[in-house]
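One line per chain: the protein sequences are A and B, in this order. Okay, so the first sequence: first residue is 1 according to the working numbering, each after it adds one. Okay, so the second sequence: first residue is 1 according to the working numbering, each after it adds one.
Hint data in this document are derived by calculation from the structure and do not stem from the laboratory. Note that this is a predicted model, so its numbers are computed, not measured. Just so it is clear, CB atoms sit at the ideal spot from N, CA and C, and this is done for glycine as well. Be a bit skeptical, because a hint or two may be false.
To be verified - Computed list of chain B residues with no C-beta within reach of chain A, every gap over 12 Å:
no., residue
1, K33
2, D151
3, D166
Said to hold, decoys possible - Derived DEER-like restraints, expressed as beta-carbon distance ranges:
no., chain 1, residue 1, chain 2, residue 2, range
4, A, L174, B, S29, 53 to 61 Å
5, B, R23, A, T22, 35 to 43 Å
6, B, V152, A, S69, 43 to 51 Å
7, B, S40, A, L28, 30 to 38 Å
8, B, E15, A, A8, 21 to 29 Å
Protein chains: 2
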Amino acid sequence: MPDNQTSAPLTTIAESLRRERTRAGLSLSEVAKRAGIAKSTLSQLESGSGNPSIETLWALGVALEVPFSRLVDPPRPRVRVVRAGEGPGVTSEQAHFIGTLLASCPPHARRDIYIITMEPGSPRKADPHIPGSVEHLIVGAGRLRTGPADDVVEVGAGDYTTFPGDVPHVYEALEPGTWAVLVMEHV
Amino acid sequence: MPDNQTSAPLTTIAESLRRERTRAGLSLSEVAKRAGIAKSTLSQLESGSGNPSIETLWALGVALEVPFSRLVDPPRPRVRVVRAGEGPGVTSEQAHFIGTLLASCPPHARRDIYIITMEPGSPRKADPHIPGSVEHLIVGAGRLRTGPADDVVEVGAGDYTTFPGDVPHVYEALEPGTWAVLVMEHV
DNA sequence: TAGCACCGTTCGTCAACCCGAACGAGTGTA
DNA sequence: TACACTCGTTCGGGTTGACGAACGGTGCTA
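Generate the whole structure from the sequences, applying the supplied hints.
Put into structure tokens, the structure is as follows:
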């Protein structure tokens with residue numbers, strides 16, 4: 001049961017609207033015109049005062065060209081790739097030894113460890129797992145195209161990537177003898 | 001640009017509300033009371049007439065114990081796969097794809113993921129971690145001597161080993177460019 | 001400097017969302 | 001049969017969201 005219900009959605013929406021709008025490089029007036037709403041309404045929404053209706057927020061999602069859920073859910077980092085040898089924060093260094101923390105474990109999460117081996121050919125399309133699941137992948141050898149169906153990345157030996165597992169995602173080996181460590185995380 | 005924006009959200013919300021409510025086995029009155037909204041409001045929403053505000057829909061999401069996004073996103077196919085031959089060992093086999101479950105995660109355990117790279121030389125002696133911790137190691141390349149100080153094993157690329165982490169243990173690379181995935185498990 | 005265009009905010013007005021109450025229908029019980 | 005209870009729907013009324021207009025501020029141009 002993911003408790004993303006705790007935080008008030010209104011402030012999240014306010015932040016998301018302004019963030020997505022500035023990211024797109026659009027003015028408040030322009031977005032309001034595209035969405036077909038009054039710019040005064042959008043101004044109040046971005047200031048945090050207001051309780052928009054679904055249709056209003058939906059129109060804004062269309063105008064900003066972002067999926068609706070991105071406006072209400074806090075912007076979770078989706079696909080993250082750590083290339084071999086450039087891990088964020090070397091945590092332990094001792095004689096000829098380097099440790100890199102790839103993903104610390106959230107409380108009460110469950111992580112199962114797999115090794116997967118693949119050969120080039122038909123890409124494997126994985127159905128979504130239970131909501132909230134996250135996949136971590138470290139390539140041992142070969143090259144691999146993987147990630148959510150709409151956001152695929154290519155990783156090689158030693159690379160690390162993580163992405164949500166509750167959406168359709170793919171695995172496709174690009175070289176013979178490709179294998180990887182897969183850590184499946186359930187909430 | 002995922003075009004999940006096309007379908008009208010109101011009918012989707014209406015269906016989602018009724019579906020999630022019946023799935024939970026709750027009456028309309030009960031859900032309305034839990035959400036703190038009038039049951040007339042919920043009745044109109046489930047009938048498709050109405051354009052709820054965010055706070056109203058959020059309260060319903062909390063009452064139904066479902067993440068907010070499930071009420072607005074079209075019901076994604078929640079395929080829960082129970083593969084043939086479940087259990088430790090080969091769990092999934094598909095065209096050019098083999099998945100092997102190395103270690104199923106015990107409940108309420110925490111697992112942190114590291115990549116460690118080592119060069120031959122002086123072996124790294126690790127002090128015991130907190131009691132109950134277990135280390136899982138998958139070698140990406142090279143060779144490695146590791147394990148508790150009194151029970152060292154030698155592993156190569158693609159090998160997996162696990163041993164208790166709450167006793168003194170060692171890591172020693174036997175070849176240049178040795179690296180491995182380390183999953184540290186705390187209870 | 002005056003003029004213009006656009007920016008984002010604030011102010012009244014209207015529609016509609018949300019509410020409480022009342023209503024008809026179904027079920028179990030004395 | 002009469003009663004009590006709960007179900008989900010429908011009906012007036014108040015609060016509020018969405019709208020349009022006007023406002024001050026900024027940058028560009030003649």
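Taking the closest pair, is the beta carbon of B:K33 still more than 12 Å from chain A?
17 Å, holds
Does the Cβ pair A:L174, B:S29 satisfy 53 to 61 Å?
Between A:L174 and B:S29, where Cβ atoms are some 57 Å apart, the hint holds.
B:V152 versus A:S69 beta-carbon gap, inside 43 to 51 Å or not:
50 Å Cβ-Cβ, so the 43 to 51 Å window holds.
Verdict for B:R23, A:T22 (Cβ pair) under range 35 to 43 Å:
39 Å, holds
Evaluate the condition: distance from the CB of B:D151 to the nearest CB of chain A exceeds 12 Å.
20 Å, holds
Consistency of the no-contact label for B:D166, given chain A and a CB cut of 12 Å
17 Å, holds
For the range 21 to 29 Å, tell me whether the beta carbons of B:E15 and A:A8 fit it or not.
Given about 26 Å between the Cβ atoms, the range holds.
With 30 to 38 Å as the target window, see if B:S40 and A:L28 comply at their CB atoms.
36 Å, holds
Of the numbered hints given earlier, the model fails none.
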